[in-house]
Amino acid sequence: MTTPASPAAAQPASDAVKQAALNAVNRYAGQKGNLLPVLHDIQHALGYIPDDAVPVLSEALQLSRAEIHGVITFYPHFHSKPMAPTVLEMCRAESCQAMGANNLIDHARQKLGCDFHETSQNGQVSLEPVYCLGLCAQSPAVMVNGQPHARVTPAKLDKLLGEGA
Amino acid sequence: MTNITFYVPQDAAALAVGANDVVTAIQAEAKKRQLMVNIIRNGSRGMLWLETLVEVVTPEGRVAYGPVEADDVPGLFDAGWHEGKPEHSLYHGLTEDIPYLKKQQRLTFARVGIINPLSLEDYQAHGGYEGLKKALSMAPEKIVEEVTESGLRGRGGAAFPTGIKWNTVLKAQADQKYIACNADEGDSGTFSDRMVMEGDPFTLIEGMTIAGVAVGATYGYIYLRSEYPQAADVLNKAIAIARETGWLGNDIQGSGHAFDLEVRIGAGAYICGEETSMLDSLEGKRGQVRYKPPLPALKGLFGKPTVINNVISLASVPIILAKGGAYYRDFGMGRSKGTLPFQLAGNLKQGGLVELAFGITLRELLYDFGGGSASGRPLRAVQVGGPLGAYLPESQWDIPLDYESYMKVNAMVGHGGIVAFDDTVDMAHMAEYAMEFCAVESCGKCTPCRIGAVRGTEVIQKIRQDHQREQQVHLLRDLCDTMLSGSLCALGGMTPYPVLSALEHFPQDFGLEAAPAASQA
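Going down the list, the sequences are from chains A and B. Using the numbering used here, the letters of the first sequence map in sequence onto residues 1 to 165. Using the numbering used here, the letters of the second sequence map in sequence onto residues 1 to 521.
FYI, nobody ran anything at the bench for these hints, they're computed from the structure. One thing to keep in mind: the hints can contain errors.
When the alpha-carbon atoms are kept at most 30 Å apart in a straight line, the in silico DSSO-like pairs for lysine-lysine are as follows [what the hints assert, rightly or not]: (1) A/Lys32 to B/Lys85; (2) B/Lys285 to A/Lys32; (3) B/Lys304 to A/Lys32; (4) B/Lys285 to B/Lys102; (5) B/Lys292 to B/Lys171; (6) A/Lys18 to B/Lys285.
A short, non-exhaustive set of chain B residues, derived as facing chain A with CB atoms under 8 Å [unchecked claim]: (7) Arg194; (8) Ser226; (9) Arg264; (10) Ala269; (11) Lys285; (12) Gln343; (13) Leu344; (14) Asn347; (15) Ala420; (16) Phe437; (17) Ala439.
These numbers come from a predicted model, not from an experiment. Where is the CB? At the ideal position from N, CA and C, for every residue including glycine.
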């Protein structure tokens, strides 16, 4: 199970990354199919999953680098690059659209000067789409650094970002 | 000085509108007034337009005030809410008597919002673990029979009879079997799984344990979406309590039965709500759809026989065992037995959770419960059953909500999510969004879904821009036909439902004549 490594993945991992990866592997040692919990753990510790964590995991979990890379890139929740200090997830789903989410999203794009999957011009906010937060009776909804906010208006969003950014 | 007891929900829907600030304000104001208060964090009653809904315990019962914001708290104390007085404009009287709640038939949600979610004493005082106690004294075949008798069908959307699924796993021979709970509630307009997990987590744990005892599975997984961090927290705490008190573990309450479980967090992929994708994700892989057969009931998680049920299906099992299959079956109509927690969402004045027997109509839900549109404009289209469900025009709002009646009009009840739109909606835009959503979330395994959704988005864009419109409409119908019959799972296979229903019922939004023939189907 060998795969050609990308140049980034061939770099030796920094101590901090290696430590975070091995800690995660140890924490979930013995649990079957534990790659997702391990990746969550690394992202929790470092804020993202650096490319150089992949070879460490590959060896520790006896999985090919391609498999691990494939899993990281399949799931929108996992990030291979650092995120801004404030992560703003805005719901794009039907219920929020029925209550003006598209206008709210346009407002955010304009204010932050960036689109989805990008970081604001001042580097403080990462804007991510999300498809339902389960707050559909109080649409539109957003999540700021994991905290849910419902019935969001452009003014309320400005206030949230003012505190977070 | 006697203690005043307040209930302030810890449900994400309450947190999202400032429930924690309300708690802080109550504590600060009580201190100022030298009042002793006891604040219990409950689940939500499901009247979500009233969140944060604060309840005060009085000798007559729990009195409701809502929607309360932190700034309202001093005024509420001035008006004597701590004695349940009616002087404040946010006063709603006894919670139990609020019509929205009173008119419901709560079986699965019987305890949600009433109890402290993490109090095992509260849980048992309200009938919790009665079902499992009964199951522990029964032969596995008898437990499965009881569930079959109840008529319970999978509440995740596919509506497959739960008892038949359990029986297949029971009869399978294997050294290990699993219970996998699908808590990847990704459909827009749905939140009943979240509410039950946050408001009554022991019900789900009990239901999974009963399933384990019934089919001979000793381990379970709750596959929970990453968008629900509050639910993860509550579930993990409840599981720890169940283990400490012998309701999970190697010898459940001295019965000799073993069952334990863990929560696994997904990572933002909608497709992992499809049962075989979920299995791959639980195994630590990309969440890609598997071919069937083999059925997961025979060869599921890690290749072993696996019961896969939705949260609401499993959370309905305890009451079925406690009160008997016949009790549950006597709610509902036709082949749709029992109750469904409908979720009213989108542009409605009174959004929330409404558990009722099958057979109610959309119109009753939208107006009698939902109170009409939030915007004050006329309602125009309603999507039922999530992003893969059809859009229903007003002419279809009187069809009784049951699985078969909805199937007859190419719609689906699904997970019971109801999203209302007012007359400002552009249905051609919603159709384009349905295709775009499928393109974003496709796992990529089968061509009709992976390529079809991208082409579908383009085709609808061309129709909207009047680019060879007639020809593109023909192409769109053809493409939908391919997706419907050629996709590996429901994502590609059902995306045509919202698309075609929008096209059939709202042709003018696509720049087409509202021909009488087009309004059929």
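These are the hints, each one checked on the structure:
{"no.": "1", "hint": "A/Lys32 to B/Lys85", "verdict": "violated (56 Å)"}
{"no.": "2", "hint": "B/Lys285 to A/Lys32", "verdict": "holds (12 Å)"}
{"no.": "3", "hint": "B/Lys304 to A/Lys32", "verdict": "holds (13 Å)"}
{"no.": "4", "hint": "B/Lys285 to B/Lys102", "verdict": "violated (46 Å)"}
{"no.": "5", "hint": "B/Lys292 to B/Lys171", "verdict": "holds (19 Å)"}
{"no.": "6", "hint": "A/Lys18 to B/Lys285", "verdict": "holds (22 Å)"}
{"no.": "7", "hint": "Arg194", "verdict": "holds (4 Å)"}
{"no.": "8", "hint": "Ser226", "verdict": "holds (5 Å)"}
{"no.": "9", "hint": "Arg264", "verdict": "holds (7 Å)"}
{"no.": "10", "hint": "Ala269", "verdict": "holds (5 Å)"}
{"no.": "11", "hint": "Lys285", "verdict": "holds (7 Å)"}
{"no.": "12", "hint": "Gln343", "verdict": "holds (7 Å)"}
{"no.": "13", "hint": "Leu344", "verdict": "holds (6 Å)"}
{"no.": "14", "hint": "Asn347", "verdict": "holds (4 Å)"}
{"no.": "15", "hint": "Ala420", "verdict": "holds (7 Å)"}
{"no.": "16", "hint": "Phe437", "verdict": "holds (7 Å)"}
{"no.": "17", "hint": "Ala439", "verdict": "violated (12 Å)"}
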